[in-house]
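Given these sequences and hints, build the entire structure.
2 protein chains.
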Amino acid sequence: MTGGLAGDAVDRVAVDWVAVDWGTSHLRVWLCDAAGAVLDRRDSDQGMGRLSRDGFEPALRTLLPERSAPLPVIVCGMAGSRQGWAEAPYAAAPCTPPGIDRAVAVPTQDKALQVRILPGVKQDSPADVMRGEETQVAGFLAQSPQFDGVICLPGTHTKWVHVSAGEIVSFRTFLTGEMFALLAGQSVLRHSVAEEGWDDPAFAEAMAHVLSRPAALAADLFSLRAEALLHGLDPVTARARLSGLLIGAELAAARPYWLGPQVAVIGAAGMAGAYTTALEAQGVPVVQADVQEMTLAGLRAAWAGLKEMAT
Amino acid sequence: MTGGLAGDAVDRVAVDWVAVDWGTSHLRVWLCDAAGAVLDRRDSDQGMGRLSRDGFEPALRTLLPERSAPLPVIVCGMAGSRQGWAEAPYAAAPCTPPGIDRAVAVPTQDKALQVRILPGVKQDSPADVMRGEETQVAGFLAQSPQFDGVICLPGTHTKWVHVSAGEIVSFRTFLTGEMFALLAGQSVLRHSVAEEGWDDPAFAEAMAHVLSRPAALAADLFSLRAEALLHGLDPVTARARLSGLLIGAELAAARPYWLGPQVAVIGAAGMAGAYTTALEAQGVPVVQADVQEMTLAGLRAAWAGLKEMAT
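In order, the protein sequence lines correspond to chains A and B.
Counting from 0, one number per residue, gives the positions in the first sequence under numbering that gives the first Met the number 0.
Counting from 0, one number per residue, gives the positions in the second sequence under numbering that gives the first Met the number 0.
No lab work stands behind these hints, which were simulated from the structure alone.
There's no promise every hint is true.
All copies of an identical chain are treated as equivalent in the list; a pair is satisfied when it fits inside any one copy or across any two copies.
Quick list of in silico lysine to any residue cross-link-like pairs, SDA-like style, CA-CA up to 25 Å [what the hints assert, rightly or not]:
(1) K121 / A183
(2) K306 / T23
(3) K110 / P144
(4) K121 / G196
(5) K306 / A193
(6) K121 / A227
(7) K306 / S169
(8) K121 / L232
(9) K121 / G231
(10) K121 / A193
(11) K306 / S143
(12) K121 / L305
(13) K121 / R189
(14) K121 / H190
All figures in this text were calculated on a predicted structure; none of them were measured in a lab.
Rendered as structure tokens:
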């Protein structure tokens, strides 16, 4: 846990609402004033994956100031899934990123807390779902309302989202990040792939290779092991090459998404950088935005909606 | 461990040599007479992955009869790798499957044991390696010396081997089996994929789908999760579909291998059956052979070579 202790004098006075990004493996809390300025930021590792249904409120309470006056809390992410705190049923694409009017109110033990969870978005065919990314898209659109094109959100499950006229038109999820983690950490490749480090040319070369022959992925993956055994392939090079193969295969599949329109990449610095490099190598100009800033911007847009509803 | 106890009277008299298939996770021993007939079969879970270098001889001894007269032991598989019992350096393709003349003699504490390990095969470019499959190929060629075409050996790391004029001409390894295990058991898909069961039409449909659009694999994989969440996809169907997607992607990449020539599939019944079904759906006639029989046939061919060398 980071941030100040609950019960600070400042907290009690100034905090008007709380923005919460609650994913499978993380819980991020921003204590905000009425204008949306951040007074304090508090994180914990109490992600949805670790919590049973009645563990959510205590996990959140630890990060909040002591209060008797009502405290609005706006949550996005996996906390709204069926296995989460309370289910916030998906909005169906095409749709605008769901705002506060579609949020689900969650009953709490602590009557001061007024918790609302924003829904995710589903797509019937091809079947797909998101929870959390829709709020990042909302944040991006709050800053660039005229954006028309594709937003790529790299992560464990990378999303490609087609956005037009303020709506999420369609989207597709790729298991790329999770496959990287499993292959690098738990497959036979773990003997040949470094845990850290990077090699730009190896990444670019592997990506170009697989973009021209994406089907060969499973064989190209084993080559990393064989190159290590036979030719002493450097583990850091192997790591960058593994990433290049997987992201390259994803780009090949997502080509209809990024060919033509404006492209924005929203992600953490390292991963967003890799996607930006990859897309720029294909001649695609990219706007890059920070994922936590976009999440907060999306939650702020929901807060603005809540204030409007109250007036 | 299965099989009789060491020290049987029968063992002491009749066993002329021992065939050993020593992989990462298994140890299989056949006690044979001079003609190659199997007198007893003994297995243990003491695969290479569990053993340090000096653990190999004791693990083997437990499965052998007590003997003072010399006992030839012929080994194939990962026991010959650098991390194994003793390194049997790779033969370089194109080459015949390495026979007893290329085997490495391993010094033992028990002077009655005469252990020889058969080498694997390597390929420089694209970098690739095999250990154990070359002996299965040798076994298949011992039975079908005129075979000219492609041998597919499904497994954790599936091999496609181009064989001509008795030689391993080239080969390619796919991580398909390992990816199936990781995705079904440890990724987000584990919530949606059954541990057992099968659905033939789902397998065929997924395979046909991915063969026509192999690049979309990483997105098709996530759809399994989304279909479960949104449309209640049956976990057994999801399992067969996951297998169909991965094997289909492999077939797409291996198309140059199976398009045209004779194709043989050597594997355990379930997995070999899936590959056979998949190939036959593409109009490719397939000969199927059992992997353990082919391993034993390959080791018998090496035993025949040893007898020739002795005369």
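Evaluation of the provided hints:
1. With identical chains, the CA atoms of K121 and A183 are at most 25 Å apart between copies only, with a shortest distance of 23 Å across copies and 30 Å within one.
2. Taking the closest pair of Cα atoms, K306 and T23 never come within 25 Å of each other, the shortest separation being 29 Å inside a single copy and 63 Å across copies.
3. Proximity of K110 and P144 under a CA criterion of 25 Å is satisfied in neither setting, with 36 Å inside one chain copy and 81 Å between copies.
4. For the identical chains of this complex, K121 and G196 are neighbours neither inside a copy (36 Å) nor across copies (29 Å), given an alpha-carbon limit of 25 Å.
5. In this assembly of identical chains, K306 and A193 lie within 25 Å of each other by CA distance neither inside one copy nor across copies; the values are 49 Å within and 47 Å between.
6. Taking the closest pair of Cα atoms, K121 and A227 come within 25 Å of each other only across two copies (12 Å); inside a single copy the shortest separation is 42 Å, beyond that limit.
7. For the homomeric pair K306 and S169, neither the shortest alpha-carbon distance inside one copy (30 Å) nor that between copies (68 Å) is at most 25 Å.
8. For the homomeric pair K121 and L232, the shortest alpha-carbon distance between copies (15 Å) is at most 25 Å, but the shortest distance inside one copy (42 Å) is not.
9. For the homomeric pair K121 and G231, the shortest alpha-carbon distance between copies (14 Å) is at most 25 Å, but the shortest distance inside one copy (46 Å) is not.
10. In this assembly of identical chains, K121 and A193 lie within 25 Å of each other by CA distance solely across copies; the values are 23 Å between and 36 Å within a copy.
11. In this homomeric assembly, K306 and S143 come within 25 Å of each other (Cα to Cα) only inside a single copy, at 22 Å, whereas the closest approach across copies is 80 Å.
12. With identical chains, the CA atoms of K121 and L305 are at most 25 Å apart within one copy only, with a shortest distance of 23 Å there and 65 Å across copies.
13. Taking the closest pair of Cα atoms, K121 and R189 come within 25 Å of each other only across two copies (20 Å); inside a single copy the shortest separation is 35 Å, beyond that limit.
14. When the C-alpha separation of K121 and H190 is checked against a cutoff of 25 Å, the pair qualifies only between copies, where the shortest distance is 18 Å, while the shortest distance within a copy is 38 Å.
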